[in-house]
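When you get a sec, could you build the whole thing from the sequences and use the hints?
Protein chains in written order, with this note's numbering: chain A, 1 to 324; chain B, 1 to 305.
To be clear, the hints were calculated from the coordinates, so they are not data collected in a lab. Take the hints with a grain of salt, since some may be wrong.
Unchecked claim - If you want the ones that stay clear, here's a sample from chain B, every Cβ over 12 Å from chain A, calculated:
no., residue
1, Leu-53
2, Phe-94
3, Ser-101
4, Leu-128
5, Ile-193
6, Leu-196
7, Thr-290
Unchecked claim - Residues from chain A shown here face chain B by an in silico Cβ test under 8 Å; the list is partial:
no., residue
8, Tyr-96
9, Gly-105
10, Ser-115
11, Leu-137
12, Gly-300
13, Tyr-304
14, Ala-305
Ideal placement from N, C-alpha and C gives every residue a C-beta, glycine not left out.
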Amino acid sequence: MPLVAAAPPSLPPPPASSLLRTRGLSLTYPNGTVALAGLDLNVPRGSVGLVGANGAGKTTLFRLMLGLLFPTAGAIEVVGLPVATDPIGIRSRLGYMPEHDCLPGDQSAADFVASFGELAGLPPRPARQRASDVLDLVGLDEARFRPVGGFSTGMRQRTKLAQALVADPELLLLDEPTAGLDPVGREEMLDLVGRLAGFGISVLFATHLLDDVQRVCDHVVMIDGGRLRLAGPIDELVERTGVLRVEVGGRPDAVEALAAALQQRGMASVALDQHVLDIDTRNGGDDAPDIVRDLIVDLGLRLYALSSQHRSLDELFLQGAGRP
Amino acid sequence: MSLAPTLGGAVYDRGYRPYEGPRGGRNYARWALWRLSVRRALGIRRSWRQKVLPWTLLGLATLPACVDIGIRYATRNTPPYRLDADIEDFLFTFKDYVGVSTLLLLFVAVSAPDIICPDRHDRVLPLLFSRQLTGVDYVVAKVSAMFAIIFGFAFIPQVVLFVGQMFVNKNGSIDYFQDHLDVLWKVPISIAILALYYALVSVALASLTDRRMVAGIAFIGLMMITHAVGQFFIESARPDGTIMSLVQLWTVPLVLRDIVFLGHVEPLGRLQGVEGAGFAAVFVYLAVLTASAAVLLWRYREVDL
Numbered sequence: 001m002p003l004v005a006a007a008p009p010s011l012p013p014p015p016a017s018s019l020l021r022t023r024g025l026s027l028t029y030p031n032g033t034v035a036l037a038g039l040d041l042n043v044p045r046g047s048v049g050l051v052g053a054n055g056a057g058k059t060t061l062f063r064l065m066l067g068l069l070f071p072t073a074g075a076i077e078v079v080g081l082p083v084a085t086d087p088i089g090i091r092s093r094l095g096y097m098p099e100h101d102c103l104p105g106d107q108s109a110a111d112f113v114a115s116f117g118e119l120a121g122l123p124p125r126p127a128r129q130r131a132s133d134v135l136d137l138v139g140l141d142e143a144r145f146r147p148v149g150g151f152s153t154g155m156r157q158r159t160k161l162a163q164a165l166v167a168d169p170e171l172l173l174l175d176e177p178t179a180g181l182d183p184v185g186r187e188e189m190l191d192l193v194g195r196l197a198g199f200g201i202s203v204l205f206a207t208h209l210l211d212d213v214q215r216v217c218d219h220v221v222m223i224d225g226g227r228l229r230l231a232g233p234i235d236e237l238v239e240r241t242g243v244l245r246v247e248v249g250g251r252p253d254a255v256e257a258l259a260a261a262l263q264q265r266g267m268a269s270v271a272l273d274q275h276v277l278d279i280d281t282r283n284g285g286d287d288a289p290d291i292v293r294d295l296i297v298d299l300g301l302r303l304y305a306l307s308s309q310h311r312s313l314d315e316l317f318l319q320g321a322g323r324p
Numbered sequence: 001m002s003l004a005p006t007l008g009g010a011v012y013d014r015g016y017r018p019y020e021g022p023r024g025g026r027n028y029a030r031w032a033l034w035r036l037s038v039r040r041a042l043g044i045r046r047s048w049r050q051k052v053l054p055w056t057l058l059g060l061a062t063l064p065a066c067v068d069i070g071i072r073y074a075t076r077n078t079p080p081y082r083l084d085a086d087i088e089d090f091l092f093t094f095k096d097y098v099g100v101s102t103l104l105l106l107f108v109a110v111s112a113p114d115i116i117c118p119d120r121h122d123r124v125l126p127l128l129f130s131r132q133l134t135g136v137d138y139v140v141a142k143v144s145a146m147f148a149i150i151f152g153f154a155f156i157p158q159v160v161l162f163v164g165q166m167f168v169n170k171n172g173s174i175d176y177f178q179d180h181l182d183v184l185w186k187v188p189i190s191i192a193i194l195a196l197y198y199a200l201v202s203v204a205l206a207s208l209t210d211r212r213m214v215a216g217i218a219f220i221g222l223m224m225i226t227h228a229v230g231q232f233f234i235e236s237a238r239p240d241g242t243i244m245s246l247v248q249l250w251t252v253p254l255v256l257r258d259i260v261f262l263g264h265v266e267p268l269g270r271l272q273g274v275e276g277a278g279f280a281a282v283f284v285y286l287a288v289l290t291a292s293a294a295v296l297l298w299r300y301r302e303v304d305l
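Now the structure itself:
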């Protein structure tokens, strides 16, 4: 029997824009818990949302990307580099912002961020300069010499983001960056994360808040119980459903009259209440909204609202998880 | 009412600037962690409160050397046989000065928890291990930082003592230097043995808790309890020495110091008349180092994010 460990399955050459690629990625802990089961991913660079409930495998995937864990099967490539080849060197290209609090209360933000710049390989003087720059970027320029112990939750989250950014990473791993923030703080954090793509930094944004992903990401990966549920560009996933929602009035039987007229044109509809009607326009072609508008005018009804219905990420996630 | 235009004033959005300078690898990360740990223990770039204790202890540890030099200067023209016995008690040898004082124990009990415990308490470890550092790198950086701090703490007073004695010597500095050349290697080696021992033991103990106070008390407690147990064996064996005196953990590097300075263990000490005492001391020394290293590697074998 050869005394050589089996080589991990190799992946075909990565495209230049590949952020994360996995092939059959699996991890089973020694106690038998399956954290990831046969994950196949090919995620392009940009802002990517990693969505899943608690325990879905998001943090495990981060640990595998950082080379802190090794898969029990399969292969993983981050920013085009196989993690198995140089699990420690890969970290020089990544910035990591953990979900939990990880700031020493007795250090100033500037000192803390500069320290992590040095730990990421920057010489002391550039590390201090970078710390100053990124703290300015995240909006902590005034507070950077204050001890972190006196910071609010929002300021602490920004400090964590600054330490992840200080070494100018190719890819930023953000674990629940909006956790614990009030609505204003959340908006500000999402604005910041949204701006990162413009700086050429790719983001992998782990969260269970689908609204956050829909707002700042252009790609989404949904995992559940260690398995891939859905992955793709958000624009394509939330494409139009072909349903037109109208709100009409002007007479007591407005909805019924419009439904009958639509039926004659071959378009099915469902009344949601006395005024709102969902119309399946897939048989109406591209002119369907115009046809509906004209019918409403012909029937002498009042049109209060007309909108195309899109699928939300929540619906997609629930469908993917096999839930109604 | 409109505001007057600001002359020459402008607001610039500096945006984000990529970093294009030099970037170190894993060795540099280890070196950076070492440097940051030393800085932290000595209170550098921290508030004055964090500086007071380490620097006061270092000052106090240097005080005996200053007293020794002062006495030697004041009595430089007095023949040794005319010196008062009380005054002679204040004078000591380089070997004696490589000792384990209360100040050293206190310094170690304060410094080791300070460079280890906050990383776990504040949950900074996951961030450290997301950089180019492994558990072994972390242990090596922290132990070597503690080694350097203890070495400095024990070595600086020796330098003061050596240079001071050299200058107050009535036969001239050059003669003194030539007569004490052996000190130039015996002292650093003895201090290195002492520093490695205390660095590993103190950092290993501190790694078992995330509370600085608990770690400091545990270190002092370990030294006191093993001292008391060892003392029981020593009293039981009087007037002979006993191998069981090595249970006193704080004395182990001192036996090795005696071997470095004298070439054998102290003939009238706790190991008086014990066959193979030197080998036993070396064995205990290595066993303690191995056990401490094993504890550290176990504690930092993996880190949860």
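May I ask you to test the interface hint for A/Tyr-96 with respect to chain B, counting a Cβ-Cβ separation under 8 Å as satisfied? With Cβ-Cβ at 4 Å, under 8 Å, it holds.
Can we trust that B/Phe-94 is non-interface, i.e. its beta-carbon lies farther than 12 Å from all of chain A? The claim holds: B/Phe-94 sits with its nearest Cβ about 36 Å from chain A, beyond 12 Å.
Would you check whether the claim that B/Leu-128 is not at the interface survives, using Cβ distances to chain A and the 12 Å cut-off? Non-interface label fails for B/Leu-128: nearest chain A Cβ at 7 Å, not farther than 12 Å.
Could you let me know if the closest chain A CB is still more than 12 Å away from the CB of B/Ile-193? Given that every Cβ of chain A is farther than 12 Å from that of B/Ile-193, nearest at about 31 Å, it holds.
Please verify that hint: A/Gly-300, Cβ, nearest Cβ of chain B, below 8 Å or not. The hint is violated - A/Gly-300 has no Cβ within 8 Å of chain B, the shortest such distance being about 53 Å.
The hint names A/Leu-137 as touching chain B; please verify it with the least Cβ-Cβ distance against 8 Å. holds (6 Å)
Should the label of B/Leu-196 as a non-interface residue stand, given a Cβ cut-off of 12 Å to chain A? holds (25 Å)
Once the shortest beta carbon distance from A/Ala-305 to chain B is found, is it less than 8 Å? violated (39 Å)
Can the hint on A/Gly-105 be confirmed by a CB-to-CB distance to chain B that is less than 8 Å? holds (7 Å)
Next item in the hint list is A/Ser-115. Is there a CB on chain B closer than 8 Å to its CB? holds (5 Å)
Distance rule for B/Ser-101, whose beta carbon must clear each one in chain A by more than 12 Å: holds (29 Å)
Should the label of B/Leu-53 as a non-interface residue stand, given a Cβ cut-off of 12 Å to chain A? holds (14 Å)
This entry does not satisfy hints 4, 12, 13, 14, going by the numbered hints stated previously.
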